[in-house]
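Asks: The residues making up each chain are set out below.
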Amino acid sequence: MAVDEGLKSELSKQGVFVTNLRELHNWGHKNSLWPLQFGLACCAIEMISATMARYDLARFGAEIFRPSPRQADLLIVAGTVTKKMAPQVVRLYNQMADPKYVISMGACAISGGPFKEGYNVLKGIDRYIPVDVSIPGCPPRPEALLHALMNLQEKIQADQLGPEDQAETAECPVPEFGEHDLEPSKNPGVWHPPQIRRGE
Amino acid sequence: MNALSTESIAARVREAVPEAEVELIPNKGPSGQDSLLIGAAKAVEIAAFLRDDPELRFDYASNVTGVDWPERVVKERVTATEEVDGETKEGKKVVETKIPGFLEAVYHLYSMERKHGPLVVRLRTGDRENNVTLPSLTPVYRGAEFQEREVYDLYGIRFDGHPDLRRLLMWENFADYPMRKDYTPPDDYEYEPTPHDAVLEKAKRHQADDGCGKGDPA
Chain A
1 MAVDEGLKSE LSKQGVFVTN LRELHNWGHK NSLWPLQFGL ACCAIEMISA
51 TMARYDLARF GAEIFRPSPR QADLLIVAGT VTKKMAPQVV RLYNQMADPK
101 YVISMGACAI SGGPFKEGYN VLKGIDRYIP VDVSIPGCPP RPEALLHALM
151 NLQEKIQADQ LGPEDQAETA ECPVPEFGEH DLEPSKNPGV WHPPQIRRGE
Chain B
1001 MNALSTESIA ARVREAVPEA EVELIPNKGP SGQDSLLIGA AKAVEIAAFL
1051 RDDPELRFDY ASNVTGVDWP ERVVKERVTA TEEVDGETKE GKKVVETKIP
1101 GFLEAVYHLY SMERKHGPLV VRLRTGDREN NVTLPSLTPV YRGAEFQERE
1151 VYDLYGIRFD GHPDLRRLLM WENFADYPMR KDYTPPDDYE YEPTPHDAVL
1201 EKAKRHQADD GCGKGDPA
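Heads up: the protein sequence lines correspond to chains A and B, in order. Going by our numbering, the letters in the first sequence line up with residues 1 to 200, in that order. Going by our numbering, the letters in the second sequence line up with residues 1001 to 1218, in that order.
Only chain A is shown next, with the shape it has when bound in the complex (with noise of 0.2 Å):
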């Protein structure tokens, strides 16, 4: 049963607040997302600025690190990922619970930024794990980081708590060391290369 935004602008004038199941649901989950306690470089530094008292990340309610991934339902990738590091980073996105986010922070999270096809860095954690939002910057401002959380909680807002969306997670394979790379190099289930059009 749909209510009818003008009506409800209307009567919350009028002090009668008018919801729905769904909404109430997402805004509850929206304003208690409980980020991992999870840094890997200098974007972690600008995290860290970010729960503190100048950018106050807890007014979006998500001042609660948990250092445990059982407890967390977002994971903020926050620094250079190097192959090295790459499957612990994948292991800690598979032992959260559902329902969970993944915020990539920074030029090296979303393709290894300046480290990009040096021998050791992982051209960007999304070729592993879905992310949800990115955010461009080297390293991004505090607010940044406040913007990308407040698109999260749009999107879960939007979320329409059908079947498929309260489906499972399909477990990331973790990846192994190689003799060369990492093995597999990509998750072929979550990353799909943008589609690059030259010389049109």
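None of these hints come from the bench; they were simulated from the model. Be a bit skeptical, because a hint or two may be false.
Derived pair list, reagent style SDA-like, types lysine to any residue, alpha-carbon separation capped at 20 Å [unchecked claim]:
#	chain 1	residue 1	chain 2	residue 2
1	B	1115	B	1184
2	A	84	B	1169
3	B	1202	A	120
4	B	1181	B	1115
5	A	116	B	1184
6	A	116	B	1176
7	A	116	B	1193
8	A	186	A	166
9	A	116	B	1201
10	A	186	B	1025
11	B	1075	B	1099
12	A	186	A	59
13	A	116	B	1202
Anything over 10 Å on all C-beta distances counts as not near chain B; from chain A, calculated [what the hints assert, rightly or not]:
#	residue
14	6
15	7
16	11
17	18
18	23
19	31
20	42
21	53
22	56
23	84
24	111
25	120
26	174
27	180
28	185
29	194
Note that CB positions come from ideal geometry on N, CA and C, so glycine has one too.
Add chain B to chain A, keeping to what the hints say.
Replies: Frame of chain A; chain B shown alone:
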């Protein structure tokens, strides 16, 4: 280094350590920073002398790094006399010298006590494949331990006498040495937003394989 020139240090080392192979490698660049190439056989004794000699007292190994020298050909123009039809002619001739490849470990030594340095000390391996063992200077300079591990990890120089020679940055069963000139990185160029030159070639090959993108960028 004001009072001590690199030549005088080389002379002192030759005097103090019998059978020491010490070669001065001049630097003709603006820095003029000459270095000492020392033989692997007496390297530990030479390092201990450099550290303990009261005049030198190089007590601090600031930096240890590696250099990969692949096999190269040096071309040199020389004046040569030639006999053509009974006449002696003088002309320029290009002589090509083939220098086999080797790996090099470079140590930068300073003296905290005497406040001089750096002294650049080089050690060379026999070749790049099988004969890649050098004596470790960690017993003399404790701070070289992790740096020698890094050189082993990235260049593949094996340090004999090192207390804990394992890879430092890459994982244990990694087969390559990434800082060598002939290292080829894994082919993961599926998505390159702004490719150029060699990277563009690799990205194009991938796009032909994957069927994504239009292939030819021209």
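Asks: Say whether it holds or is violated: residue 84 of chain A keeps its Cβ farther than 10 Å from all Cβ of chain B.
Replies: violated, 6 Å
Asks: Against chain B, does residue 6 of chain A hold up as non-interface, every C-beta pair farther apart than 10 Å?
Replies: holds, 44 Å
Asks: Residue 11 of chain A clear of chain B by more than 10 Å, beta carbon to beta carbon?
Replies: holds, 49 Å
Asks: Grab the minimum beta-carbon distance between residue 56 of chain A and chain B and tell me whether it stays above 10 Å.
Replies: holds, 34 Å
Asks: Is the Cβ of residue 18 of chain A more than 10 Å away from each Cβ in chain B?
Replies: Its Cβ never comes within 10 Å of chain B, the nearest being 46 Å, so this holds.
Asks: Against chain B, does residue 120 of chain A keep a CB gap of more than 10 Å to every residue?
Replies: violated, 6 Å
Asks: So is residue 194 of chain A really clear of chain B, every C-beta pair being over 10 Å apart?
Replies: violated, 6 Å
Asks: Residue 116 of chain A and residue 1176 of chain B: Cα distance at most 20 Å?
Replies: holds, 18 Å
Asks: Is the nearest Cβ of chain B still more than 10 Å from the Cβ of residue 42 of chain A?
Replies: holds, 18 Å
Asks: Would the hint linking residue 186 of chain A and residue 166 of chain A be met if the CA-CA limit is 20 Å?
Replies: violated, 26 Å
Asks: Is the Cβ of residue 174 of chain A farther than 10 Å from every Cβ of chain B?
Replies: Residue 174 of chain A clear of chain B: closest Cβ-Cβ about 14 Å, beyond 10 Å.
Asks: Taking C-beta pairs only, is residue 180 of chain A more than 10 Å away from all of chain B?
Replies: At about 5 Å from chain B, residue 180 of chain A fails to clear the 10 Å cut-off, so the statement is violated.
Against the hints set out earlier in the document, violations occur for numbers 1, 4, 8, 10, 12, 23, 24, 25, 27, 28, 29.
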